[in-house]
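Engineer: Could you build the full structure based on these sequences and the hints that come with them?
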Amino acid sequence: MAAAVIGACVVVPLQAAAAQDPVSEAIAHEDARRFGQAATAYRALLTRALSGGDDGDQIALALLGLERVWHELALRDSIVPVVDEVLLRRPADPVARSIQFRALSTASREAELRAAFVSWRRAAPDDASPWREYVRTLMSMGRTLLADSVLADAARVLTGKNALAGEVAQIAATLDRWNDAALAWRAAIEDMPWMEMAATFSLQRAPETARDSVRTALSAAPIALVPRRVLAALETGWGDPRRGWAALAEARTDDSSTVAWKEFAERAEAMNSWSVARDVWSALYERSPDPAFAERAAEASLAAGDAEGALRYAERAARGRSPASRATSLLRLEVRALGELGRAEEAAKRVASLDQYLDNAQRAELARPLVGAWLRSGNVERAREVASRAGDLDDDEVIGWLALYDGDLTEARKRLVRATTRDASLTDALAVLARTKIPAHTGLGAAFLALARRDSANAVVRFAGLADSLPDAAPALLATAARVSTALGTTTDAVRYWTRIVSQHANAPEVPEALLELARAAVRASDTATATARYETLLIDHPGSAMVPQARRELERLRGRVPEEYQ
Amino acid sequence: MITRCLQRLARVVVASVGLVALLAPGAMAQSLLVPMDDAQRNHLKAYGLAFQAIKSTQRAEWLLNYRGGAFLLPDAADLRRRAALDGVTVEPIADRDVVRIRSEIAGGNMDAVVLERAPRVAIYRPKDQPPWDDAVTLALTYAGIDFESIWDDEILNGDLSKYDWVHLHHEDFTGQFNKLYLAYRDAPWFIAQRQRDEATAARFKLPHVPALKKSVADGIRTFVEKGGFLFAMCGATESLDLAMAAFTVDITGPFSDGTPVDSDADARLDWPRSFAFRNARIEPSPYVNALSDIDGHQVNVPARRQPLGSFSLFDFSAKLDPVAAMLVQNHRTNIPDFFGVTTSFNKGVLKPGVTVLASEEGAPWVKYIHGDFGQGSWTFLGGHDPEDPQHAIGSAPTDLSMHPNSPAYRLILNNVLFPAAKKKPRKT
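For the protein sequence lines, the chains are W and H, in the order given.
Reminder that position 113 of the first sequence reads as 113 in the numbering used here, one-by-one numbering, no gaps.
Reminder that position 213 of the second sequence reads as 213 in the numbering used here, one-by-one numbering, no gaps.
Treat the hints as calculated values from the structure; they're not laboratory data.
Model, not experiment: these values are computed from the prediction.
Where is the CB? At the ideal position from N, CA and C, for every residue including glycine.
Do not take every clue at face value.
[Claimed, not checked] Label-pair distances were calculated between CB atoms; the ranges are:
1. W:T420 x H:N334: 42 to 52 Å
2. H:R194 x W:T491: 49 to 59 Å
3. H:G374 x W:T530: 43 to 53 Å
4. W:S526 x H:D372: 47 to 57 Å
5. W:R553 x H:D159: 32 to 42 Å
6. H:R81 x W:R553: 11 to 21 Å
7. H:T333 x W:D240: 48 to 58 Å
8. H:A202 x W:T491: 51 to 61 Å
9. H:W189 x W:R287: 46 to 56 Å
10. W:T40 x H:S285: 30 to 40 Å
Structural biologist: Structure follows, in structure tokens:
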């Protein structure tokens, strides 16, 4: 009994609310999937709205509701006469018209669609909405050429020349008229900057032969930021961020362009286009001497291999900073840059001058780049001294490398295997050390030291020369020589070393890699027969190799069995 | 019963003769077993390996229902080489293993079918079409099985007789371009396709594209009648049967031939001319993107579209019904469905005698059917691309190296291989 009373208390107010609010009632029915009742409620709402003051919002609400529920009831056509009824009273009602267009296009009633468009146009002669809605409807129906014709009519009739620029651009792009598309997008984004993303996506598809006309359209005077930003994004997407930056660099100086430049610099960094990123951060610094920009420029310079530039920007970034701030934020970068330049003495002095601002953890962090700096300057003793001073670091990697440079292979083997980083040079070193049991070999240490000093050509000669004196490790040494040669761009030497591995060390674990690299070299030389033979040898003779999936894929590609989209 | 006993006895004798031959001096001491169960790393390329074995006149055997429909190949160096190149799992086995396998096959619902002649394969496709838009072209290209492309000219010139096996994909043989004019009439590729077909019709002095495609359909019908093997997928299944049944009836709208559909078209359709269907009703509306009520899914008619489920392959007696058994060899029995211009076939319009190879449980449609016609046979598989179930025009092509174990693509390749069977097997 108590429950019934509570229930009654709850139900009565709800019913009262529903009776007072037909909108809520209709929506409640729709939410409960009582579509028949919802349709009745929306129809009543519409009747009331039309008779009681012609309330546009209520009419729109009712029409959209009816469209939804009749769709659920598979009665889509039922909306057409109701919309017609509304349009008798409100012939230019945009909501009613868009519903009418949707219903007629879904039913493929093209003649009536056309008539509806003409009727709307007459009701609103200066309005672009009828044209826009009709064109979009035609495009969604795949009637691109007809939509194009309608737009041509619109251009003659409408005075606001850019009103339909977005639609013109989309159709031109669909029809591969890239110059028209670029011009129209340019016009569209000038008035409607929110279409920037749509323009970028649309124009991204432009084929290489059409890109110059896109560039011309977007970069034409007057220079405006949004078209330039679109062009920069396009160029970056087309694989040339340098050109993208050139497009963006000319934009006039204001807050918006500063934001655009920062975003572009970060995008270039994400793409590992470090030299472009450096130029953008540098330009930002020139525009506004914020030390943060200089610091980013310094980091990008170092990543781009421009150590001199890194030092220059680090110097600018240091301006106005306290020594303590410089020690914590810039010193490591400076030491790395000086190390790359072989200026270890200077790096050591700089560390010493700021030592009072460093804690132990920061000192330890600086030890490795400092050791690297000394090694690159050729001074192993000083490197060892730095390492021993930082002995409490227990840095197996640093100690292991030093041992290797000294030719102490036993110590190097023990230490380097425990190193936490796994870069390519460490992998090469471990591969060589694992292939020989000899405890010491100064020649091998000297070869790795040459590599550490960035004396790559010398290192290649040394590694290749050691192949004769260290026969156990010969394939690994030759593979290291080949990899360094490839990095140096001396591919002929690389091919010679890979070939030696295949011909003289047929059972070595480096053979699959050698075969894969030789096949790739043959592909680059357009020697399909040799490439095929190399791939096939790898697949047949080394079926368990980790290189097999790559080789099989590349062979399939060579045979034209991989769709172009996946090349 | 006595007949079956005699058949089994004959089979044991044949198997024994085969064993003696294997043990004869100079014969290969070993064989290569190509497992087709989950031990196989690349099911699709395994068909290419079997095809090569047959092509190079080395006998191959298809071990129906044994390890997913394994192949038994001679242990030849070139086959080992190709298996290694393609990443196909092979198991070298000794003669005693072959004997054991044959014994196992004799005792269960399994059989060994000798494959001895590589079929000459043709795919009905425009020569300039990229190979990525047709599941069969994709499958054959990936598996490394040779084929030639033929189009309307070749068929109308009588070149079909050069081939054993012909595949059709989503061509509309009613000449209505799959009613794609509704959505794509302005698309450059559609315009090019229409102009190409109109030019071909003019070249053969045919009044319009529907007449051209009906003539092509009739050529295909004659090919099967005279002993050819036909495999069709997607819209080609439905439209081919409609075109054959409507040889003297106008079932196309004015957009394609300039005249309206015959008012009594349904009643006048000559179903005995068709392969698989009867009593279907054509869809006369030019605004409804469907040809008839044959397709159960009607993917291009939003109000009628049915959701995708999965279909199950039927189990057939390998010894008594080897053709059907060959067509359903697989390492899976339940396969996710995939849409196509024609996705499935309503049960209500199937002719009596049509063999249903796969269907969706509880659904009023079937997926995969087979039958004989004259001296030849046909197989229909609904759907467009098994590994792209929602395929749309403009979708990226499927890269089969990402699907080397695709069970649905295996169904396509089963069809390529079964015409290689030694003799036309009996049907229950």
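Engineer: Each of the hints needs a verdict: does it hold here or not?
Structural biologist: Hint check results:
1. W:T420 x H:N334: 42 to 52 Å: holds, 48 Å
2. H:R194 x W:T491: 49 to 59 Å: 51 Å Cβ-Cβ, so the 49 to 59 Å window holds.
3. H:G374 x W:T530: 43 to 53 Å: holds, 51 Å
4. W:S526 x H:D372: 47 to 57 Å: Holds, since S526 (chain W) and D372 (chain H) (Cβ atoms, about 51 Å apart) stay within the stated range.
5. W:R553 x H:D159: 32 to 42 Å: Between R553 (chain W) and D159 (chain H), where Cβ atoms are some 36 Å apart, the hint holds.
6. H:R81 x W:R553: 11 to 21 Å: holds, 19 Å
7. H:T333 x W:D240: 48 to 58 Å: Holds: the Cβ-Cβ distance is about 52 Å, inside 48 to 58 Å.
8. H:A202 x W:T491: 51 to 61 Å: holds, 56 Å
9. H:W189 x W:R287: 46 to 56 Å: Because 49 Å falls inside the window, the suggested range holds.
10. W:T40 x H:S285: 30 to 40 Å: holds, 31 Å
Figure legend: structure checked against the earlier numbered hints; every hint is met.
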